[in-house]
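*Asks:* Our numbering runs 457 ahead of the 1-based position in the sequence shown.
For the record, the hints were derived by calculation from the structure and aren't laboratory data.
Incorrect hints may have been included.
What the hints assert, rightly or not - Dumping the calculated SDA-like pairs for lysine to any residue here, alpha-carbon to alpha-carbon at most 25 Å:
1. K522 <-> L474
2. K526 <-> D481
3. K521 <-> S495
4. K526 <-> P515
5. K526 <-> L476
6. K526 <-> I480
7. K521 <-> R506
8. K530 <-> A498
9. K530 <-> A477
10. K522 <-> T473
11. K522 <-> L494
12. K530 <-> L476
13. K530 <-> S495
14. K521 <-> P531
15. K522 <-> P472
16. K521 <-> D481
17. K526 <-> Y537
18. K521 <-> L494
19. K521 <-> A498
20. K526 <-> E496
21. K522 <-> Q534
22. K530 <-> A503
23. K530 <-> A488
24. K522 <-> L493
25. K526 <-> Y500
26. K521 <-> P472
27. K530 <-> A487
28. K521 <-> I497
29. K526 <-> L493
30. K522 <-> A485
31. K521 <-> Q486
32. K521 <-> T473
33. K521 <-> A477
34. K522 <-> V489
35. K526 <-> D511
Claimed, not checked - What follows is a list of derived Cβ distance ranges for each label pair:
36. A514 <-> R475: 17 to 23 Å
37. T473 <-> F535: 32 to 38 Å
38. V523 <-> G501: 18 to 24 Å
39. L476 <-> A514: 15 to 21 Å
40. S495 <-> K522: 16 to 22 Å
Where is the CB? At the ideal position from N, CA and C, for every residue including glycine.
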Amino acid sequence: MVSPRLVAKIESEEPTLRLAVLIDADNAQAAVIEGLLSEIARYGEATVRRIYGDFTAPTSAAWKKVLQKNAIKPVQQFAYTTGKNATDSVDCHDINPT
């Protein structure tokens with residue numbers, strides 16, 4: 458079944474804003490992802506959904522439970538150092554979904 462919101466968007470024939478959602482797993486909470494994605498949908502379509510973090514760490518366990526359900530692609534960033542920003546360095550040159 459197609460949602461009324463989607464039908465209204467299609468009928469309006471306005472181009473949909475394509476958005477990239479890039480999540481820092483070390484600094485975001487998995488519990489808020491559904492609300493976050495709902496809010497983003499008000500502005501456009503999240504055509505790229507990625508999360509960056511060290512998924513071998515116990516602190517990322519909550520994220521593992523919601524990734525597939527929300528079509529979020531995990532990008533493993535090992536923490537080669539300790540402390541703040543240990544997993545923050547990643548090359549994001551390939552976020553263009555075309």
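*Asks:* Verify the proposed pairing of K530 with A488, using a straight-line Cα cut of 25 Å.
*Replies:* Holds, at roughly 17 Å.
*Asks:* For the pair supplied as a hint, K530 and A498, is the alpha-carbon distance within the 25 Å limit?
*Replies:* holds (18 Å)
*Asks:* Measure nothing beyond the straight line between the CA atoms of K521 and A477; if it is 25 Å or shorter, mark the hint as holding.
*Replies:* holds (20 Å)
*Asks:* Are the Cα atoms of K526 and I480 separated by 25 Å or less?
*Replies:* Since the Cα atoms of K526 and I480 sit roughly 16 Å apart, the hinted pair holds (cutoff 25 Å).
*Asks:* Straight-line Cα separation of K526 and Y537 no greater than 25 Å?
*Replies:* Outside the cut-off at roughly 29 Å; violated.
*Asks:* When you check the alpha-carbon spacing of K521 and R506, does it fall within 25 Å?
*Replies:* holds (14 Å)
*Asks:* Checking one constraint from the list: CA of K521 to CA of A498, max 25 Å. Satisfied?
*Replies:* holds (22 Å)
*Asks:* Measure nothing beyond the straight line between the CA atoms of K521 and L494; if it is 25 Å or shorter, mark the hint as holding.
*Replies:* holds (17 Å)
*Asks:* Going straight from one Cα to the other, do K522 and A485 come out at no more than 25 Å?
*Replies:* Holds. K522 to A485 sits at ~14 Å (cutoff 25 Å).
*Asks:* Just tell me: holds or violated, for the beta carbon distance of A514 and R475 against 17 to 23 Å?
*Replies:* violated (31 Å)
*Asks:* For the pair we were handed, K530 and S495, check the Cα-Cα distance against 25 Å.
*Replies:* holds (18 Å)
*Asks:* Taking 25 Å as the top limit, are the C-alpha atoms of K526 and L476 close enough?
*Replies:* holds (19 Å)
Consistency with the previously given hints fails for numbers 1, 10, 15, 17, 26, 32, 36, 39, ordered from lowest to highest.
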